[in-house]
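Start from chain X and add chain L according to the hints.
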Amino acid sequence: MKLENDVTPVTRAGLWFARKAIILVSLVMITITLAQVFFRYVLQLPIPWSEELARYCFIWIVFLGAGIGLQRRFHLGVDIFVNLARESIRKHIEMFVYFAIALFSGVIIYASIPVLELNTFQTSPALQIPMSWVYLAIPVGMAILWLVSVERLIRSLVETYKRRVGNQ
Amino acid sequence: MLWILFGTFFFLLVLNMPIAFALGIAAVVTMLADPTMPISSIVTRAFVGVDSFTLLAIPFFIIAGELMNACGITERIVNFSKSLVGHIRGGLAHVTIVSNMFFSGISGSATADASALGSMMIPAMRKNGFDADYAVGVNASASAMGPIIPPSILMVIYGSIANVSIAQLFMGGFVPGLLVALGLMCMAYYLAFRRNYLAPPRAELPPVWASLKDALWALAMPVIILGGIFSGIFTATEAGVVAVAYAGFVGAFVYKTLTFEKVGELLVDASVTTAAAMFLIATATSFAWLLAWGGFGTAVLEVLSGISNDPTTVVLLIVCFILLLGLFIEGIPILIIFTPILLPVIKSLGIDPVYFGVVLVMSVVIGSVTPPVGILTYICCAIAQISISQALRGLVPFCLVLVAVLVLVVLFPDLILAVPNYFAGK
Chain X
1 MKLENDVTPV
11 TRAGLWFARK
21 AIILVSLVMI
31 TITLAQVFFR
41 YVLQLPIPWS
51 EELARYCFIW
61 IVFLGAGIGL
71 QRRFHLGVDI
81 FVNLARESIR
91 KHIEMFVYFA
101 IALFSGVIIY
111 ASIPVLELNT
121 FQTSPALQIP
131 MSWVYLAIPV
141 GMAILWLVSV
151 ERLIRSLVET
161 YKRRVGNQ
Chain L
1 MLWILFGTFF
11 FLLVLNMPIA
21 FALGIAAVVT
31 MLADPTMPIS
41 SIVTRAFVGV
51 DSFTLLAIPF
61 FIIAGELMNA
71 CGITERIVNF
81 SKSLVGHIRG
91 GLAHVTIVSN
101 MFFSGISGSA
111 TADASALGSM
121 MIPAMRKNGF
131 DADYAVGVNA
141 SASAMGPIIP
151 PSILMVIYGS
161 IANVSIAQLF
171 MGGFVPGLLV
181 ALGLMCMAYY
191 LAFRRNYLAP
201 PRAELPPVWA
211 SLKDALWALA
221 MPVIILGGIF
231 SGIFTATEAG
241 VVAVAYAGFV
251 GAFVYKTLTF
261 EKVGELLVDA
271 SVTTAAAMFL
281 IATATSFAWL
291 LAWGGFGTAV
301 LEVLSGISND
311 PTTVVLLIVC
321 FILLLGLFIE
331 GIPILIIFTP
341 ILLPVIKSLG
351 IDPVYFGVVL
361 VMSVVIGSVT
371 PPVGILTYIC
381 CAIAQISISQ
391 ALRGLVPFCL
401 VLVAVLVLVV
411 LFPDLILAVP
421 NYFAGK
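As they're listed, the protein sequences go chains X and L.
Note that my numbering gives residue 109 to position 109 of the first sequence, counting from 1, and the numbers run on in steps of one.
Note that my numbering gives residue 419 to position 419 of the second sequence, counting from 1, and the numbers run on in steps of one.
Hint data in this document are derived by calculation from the structure and do not stem from the laboratory.
Among the hints, erroneous ones may be present.
[As the list claims (entries may be wrong)] Subject to a maximum C-alpha distance of 30 Å in a straight line, what follows is the list of computed DSBU-like cross-link-like pairs (lysine-lysine):
1. L:Lys256 <-> X:Lys20
2. L:Lys256 <-> L:Lys213
3. L:Lys213 <-> L:Lys262
4. X:Lys20 <-> L:Lys262
5. L:Lys347 <-> L:Lys256
6. X:Lys91 <-> X:Lys162
[Said to hold, decoys possible] So the derived list for chain L, only partly shown, Cβ under 7 Å to chain X, looks like this:
7. Leu13
8. Asn16
9. Phe21
10. Ile25
11. Val29
12. Phe53
13. Tyr190
14. Leu198
15. Ala245
16. Val268
17. Ala276
18. Phe328
19. Val373
[To be verified] Label-pair restraints from in silico Cβ distances:
20. L:Ala292 <-> X:Arg40: 32 to 38 Å
21. L:Ser41 <-> X:Ile80: 30 to 36 Å
22. L:Thr259 <-> X:Leu127: 47 to 53 Å
23. X:Ile80 <-> L:Thr313: 27 to 33 Å
24. X:Leu45 <-> L:Phe11: 33 to 39 Å
25. L:Ile233 <-> X:Trp133: 49 to 55 Å
26. X:Asn83 <-> L:Val407: 28 to 34 Å
In this text, a Cβ means the ideal position worked out from N, Cα and C, and glycines have one as well.
For reference, chain X alone in the conformation it holds in the complex (with noise of 0.2 Å):
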């Protein structure tokens, strides 16, 4: 909830979806880590793909925290040498520094399609699911931070033209 009343409905709700499955495969990481805890050493019956499942929940969780991250200005930078420069410049810098980061995140989308492809027949060693499933955090993530940033240009796009307008 913190930080994120101020987006449009369509970034919200991206941001929503992504809050709840965290805390969901959250949940299931401990969860499935404790329990290959007790079975190991207190059963002494260790679960074969505990390891596995706990691997790919984390997976899922760094890809969809990302964009959260974004969002929350939690991804750090240098922020030294645009302090230097002049506010109007350092608006023009920022809106660079989003369309860029959307850009990225528009690439690696692509980039992951020939993956997920090959990947859709690939079964998980243990779990016997296909590695797609798990290669999906990557897009899904993306999407997030895509959404973000295109969002985070737009705004500024808009702050700036209103700027112009209202100094003529």
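Chain L only, in chain X's frame:
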């Protein structure tokens, strides 16, 4: 090819592009420039970089730390520290340092320590007549203990890249962490003397036993984590999840402060923190691979072996380089990019990778304190509401202590290796 990679990376860095994206975009641009490289390999590499059971320890330590924090343990730990060292000249400064030490054993990340303890200690120090620059210096440098004293997210990352036992790294951080605490306390005392800060008399402070009893549930957590790992019962990941269960139990049944809603919110927060670190690993994997492919590692090896073949000199050189880099770049990307490059150099000189790991983690952590770019100092300055240049006077002496301890452990490897060797039965 290396020129495109570095050029794009630094160009984007100057524009305040988040480092994770600067690394990823630089890799994409480099791959697009060379038509023989399939762009989809960046996706598989990102996947492989994240797909590790060892790295799974990171979210667990973060979740456990956040759960403990939500229980209100910060206050209890600070109270206990007050009862121990509050009466020493410079009172609250020592309390901050000792609290950070205990906190380091619970959370794995320095930023969590800096914001949790900083938001409590900095206003308290200001109210008791300490200058803001001194308060920032103490808090920022003390939170640097977080990744040195186990558990440590940075050590988990180094260990997974270098294929070194996490348990050994954790043990190796023990003595250096205590030395940092001791060094910082000496500096805090000396400055308190120079600046004429006082401390309340022993009688006005909370009694030791009562506050220990109050903090016991929190203090037991590091014992469980470290006890489990050091005795070889658990892996770091398993210890992490046991810590989550323990913190959840304490929060739900002992302190009774956790609700379902709170836990949900907390899991999202922890995931975002985790993702910020792991997404860096995802993009840096491709970047590091391109570096290796372009022959950057061999070039570094040649330069270093051209200067010296003495292990200590080489390690000192590397430390200087990392500290310089740390002035501008945050810890995790440095660790991910340089560990694979430096490791062959280290091994060829017969330097112990556990020793090197602890040294590298310490250098990288000091980098996150030192301005102009240091996240720990940022956090503390934001809390104290002063600028970094205003904090400089209080910050520099404490940074010097951190560097001094680092040089000390570089020169005397036994300070790091004695504990892991003892447990390994060597």
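Verification of the supplied hints:
1. L:Lys256 <-> X:Lys20: Given pair lysine 256 (chain L), lysine 20 (chain X) holds - Cα atoms ~24 Å apart, limit 30 Å.
2. L:Lys256 <-> L:Lys213: The given pair, whose Cα atoms are some 17 Å apart, holds under the 30 Å limit.
3. L:Lys213 <-> L:Lys262: Holds, because 26 Å separates the two Cα atoms, which is no more than 30 Å.
4. X:Lys20 <-> L:Lys262: holds (14 Å)
5. L:Lys347 <-> L:Lys256: violated (50 Å)
6. X:Lys91 <-> X:Lys162: Holds, at about 13 Å.
7. Leu13: Holds, because the Cβ-Cβ distance from leucine 13 (chain L) to chain X comes to roughly 5 Å (cut-off 7 Å).
8. Asn16: holds (4 Å)
9. Phe21: holds (5 Å)
10. Ile25: Holds, because the Cβ-Cβ distance from isoleucine 25 (chain L) to chain X comes to roughly 5 Å (cut-off 7 Å).
11. Val29: Violated, because the Cβ-Cβ distance from valine 29 (chain L) to chain X comes to roughly 10 Å (cut-off 7 Å).
12. Phe53: holds (5 Å)
13. Tyr190: Tyrosine 190 (chain L) check fails; min Cβ-Cβ to chain X is 31 Å, beyond 7 Å.
14. Leu198: violated (37 Å)
15. Ala245: OK, holds: alanine 245 (chain L) within 7 Å of chain X, min 6 Å.
16. Val268: holds (5 Å)
17. Ala276: holds (5 Å)
18. Phe328: holds (6 Å)
19. Val373: holds (6 Å)
20. L:Ala292 <-> X:Arg40: 32 to 38 Å: holds (36 Å)
21. L:Ser41 <-> X:Ile80: 30 to 36 Å: holds (34 Å)
22. L:Thr259 <-> X:Leu127: 47 to 53 Å: Roughly 33 Å apart at Cβ, these two residues miss the hinted range, so it is violated.
23. X:Ile80 <-> L:Thr313: 27 to 33 Å: holds (32 Å)
24. X:Leu45 <-> L:Phe11: 33 to 39 Å: For phenylalanine 11 (chain L) against leucine 45 (chain X), whose Cβ atoms are near 55 Å apart, the range 33 to 39 Å is violated.
25. L:Ile233 <-> X:Trp133: 49 to 55 Å: Violated - the Cβ-Cβ distance for isoleucine 233 (chain L) and tryptophan 133 (chain X), about 33 Å, lies outside 49 to 55 Å.
26. X:Asn83 <-> L:Val407: 28 to 34 Å: holds (32 Å)
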